[in-house]
Amino acid sequence: MNKKLKLATTSLAGCFGCHMSLLDLDERLLALVEHVEFDRSPLTDKKHLDHCDLGLIEGGVCNAENVEVLKDFRQHCDILIAMGACAINGGIPAMRNHFTLEECLKESYLDGIGITHPQIPNDAELPPLLNQVHPLQEVVKIDYFLPGCPLSADAIWHFFQALLQHKTADLSYTALHYD
Amino acid sequence: MNNTLCIDSQDISFESGQSIMQAACAAGVFIPHLCFHPDISPHGSCRLCMVQVDGRLLPACTTPAMAGQKIENNTDSLNAQRRLVTQMLFVEGDHICPGCEKTGNCQLQAVAYFLGLLEPGLPQMYPTRNIDASHADVLLDFNRCILCELCVRASREMDGKNVFAIGGRGQHAHIVINATSGRLKDSALSIEDRAVDVCPVGALMKKHQAYQKPIGQRFYDQNPIDQKGDANSHQRGEKT
Ligand code: SF4
Ligand code: SF4
Numbered sequence: 001m002n003k004k005l006k007l008a009t010t011s012l013a014g015c016f017g018c019h020m021s022l023l024d025l026d027e028r029l030l031a032l033v034e035h036v037e038f039d040r041s042p043l044t045d046k047k048h049l050d051h052c053d054l055g056l057i058e059g060g061v062c063n064a065e066n067v068e069v070l071k072d073f074r075q076h077c078d079i080l081i082a083m084g085a086c087a088i089n090g091g092i093p094a095m096r097n098h099f100t101l102e103e104c105l106k107e108s109y110l111d112g113i114g115i116t117h118p119q120i121p122n123d124a125e126l127p128p129l130l131n132q133v134h135p136l137q138e139v140v141k142i143d144y145f146l147p148g149c150p151l152s153a154d155a156i157w158h159f160f161q162a163l164l165q166h167k168t169a170d171l172s173y174t175a176l177h178y179d
Numbered sequence: 180m181n182n183t184l185c186i187d188s189q190d191i192s193f194e195s196g197q198s199i200m201q202a203a204c205a206a207g208v209f210i211p212h213l214c215f216h217p218d219i220s221p222h223g224s225c226r227l228c229m230v231q232v233d234g235r236l237l238p239a240c241t242t243p244a245m246a247g248q249k250i251e252n253n254t255d256s257l258n259a260q261r262r263l264v265t266q267m268l269f270v271e272g273d274h275i276c277p278g279c280e281k282t283g284n285c286q287l288q289a290v291a292y293f294l295g296l297l298e299p300g301l302p303q304m305y306p307t308r309n310i311d312a313s314h315a316d317v318l319l320d321f322n323r324c325i326l327c328e329l330c331v332r333a334s335r336e337m338d339g340k341n342v343f344a345i346g347g348r349g350q351h352a353h354i355v356i357n358a359t360s361g362r363l364k365d366s367a368l369s370i371e372d373r374a375v376d377v378c379p380v381g382a383l384m385k386k387h388q389a390y391q392k393p394i395g396q397r398f399y400d401q402n403p404i405d406q407k408g409d410a411n412s413h414q415r416g417e418k419t
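Protein sequences appear in the order of chains A and B.
All residue numbers for the first sequence refer to the working numbering, where the first residue is 1 and numbers rise by one.
All residue numbers for the second sequence refer to the working numbering, where the first residue is 180 and numbers rise by one.
It is worth saying that the hints were derived from the structure and are not from the lab.
Where a beta carbon is used, it is the ideal one built from N, C-alpha and C, also for glycine.
Hints are supplied without guarantee of correctness; some may be wrong.
[What the hints assert, rightly or not] Heads up, incomplete: computed chain B residues facing chain A, CB under 7 Å, no partners named:
1. Cys276
2. Pro277
3. Leu297
4. Pro299
5. Tyr305
6. Thr307
[As the list claims (entries may be wrong)] Output of the computed footprint for chain A on chain B, the stretches with three or more beta carbons under 8 Å from beta carbons of chain A:
7. 284-293
8. 397-405
Using the sequences and the hints, build the whole thing.
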């Protein structure tokens, strides 16, 4: 009778650190899956997104595929949550915003130290990079923000507990941090 | 005797000549602030300490304490305004905390935690400003400067040196350095200067001091700013 919440997660321009925190729930994951069913997520390897109650997004937006996935999540998820520093303000990847895309590519693939076969990757499979990295809320509406780099497993746990009780998560002092 | 005012229904006494901020600090009442320092003349620029004094919105750091004042401080509407001011400071600079040496010891961050800030709320401006790493002991990252003028005032009033000033207007306002080259290494700044200690954020910092405390033991890790006090009080007391 208690229908499980459907949850999708993805990592865009992130480092998977926030997904590691999701795994850091450890045995609490067992309690979580009593109430929550994973849809598209790196944890399920499901590629296609069905209608979900909740979408958790790690990382900001740095390429055309990120934009597409993010819009897909917005379309299919009732509540969309920006998880972690990069999703919220671009984070470390946004440090490239100080430079032009050309400068970044040249430094990474042509002129950088220790490069042996200098060439800029341009395979058709690779999504084109955006000129700048952007936080999620500059592309779609985001309903809630969970900061941290990465956010702690405790913050995720607290968020789900509040959600399941239909309350707004009120992070404790030590669970609210930007680093 | 008569020198009593009331902040959020708490009566506190003050000494003649004190500002509301000084009276509140002495009484252990926290009014959020970034550009105020107890030993430096007030500046009234960060706008975080705006309080409602007998119905009027005034900065606590530049408003004299007067007998009978009824002051609202820790209210939802004032804190909502403070959140907006703090968000503006975050988005107009480059505050990528995970990559900043000041994280965990930063007053801007601590104020944002106190106010429960979860998101920037405004479009990021991602400015590209310079870094002056020319000085042997001191680094200035303009990307994180919040123009509080504490270094300007500390250099002038405490160090008697006038190393810093603010130049430019509006969005182009920035710290300028008193040296013909405009660089820190050619200025009179020395690592002993109070100006180096007062920066509330990761803009003006001592070199070779980063990441000394593990996460969990940094100044603001366990307890909020209303209990811990200013970042620069700790900088003075603790480093080298
Ligand atoms: S100065 Fe403070 S708020 Fe800015 S990046 Fe550094 S730690 Fe974060
Ligand atoms: S360098 Fe630091 S102390 Fe100086 S104005 Fe900027 S933020 Fe304030």
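Each hint tested on the structure:
| no. | hint | verdict |
| --- | --- | --- |
| 1 | Cys276 | 4 Å, holds |
| 2 | Pro277 | 4 Å, holds |
| 3 | Leu297 | 4 Å, holds |
| 4 | Pro299 | 5 Å, holds |
| 5 | Tyr305 | 4 Å, holds |
| 6 | Thr307 | 5 Å, holds |
| 7 | 284-293 | holds (count 3) |
| 8 | 397-405 | holds (count 4) |
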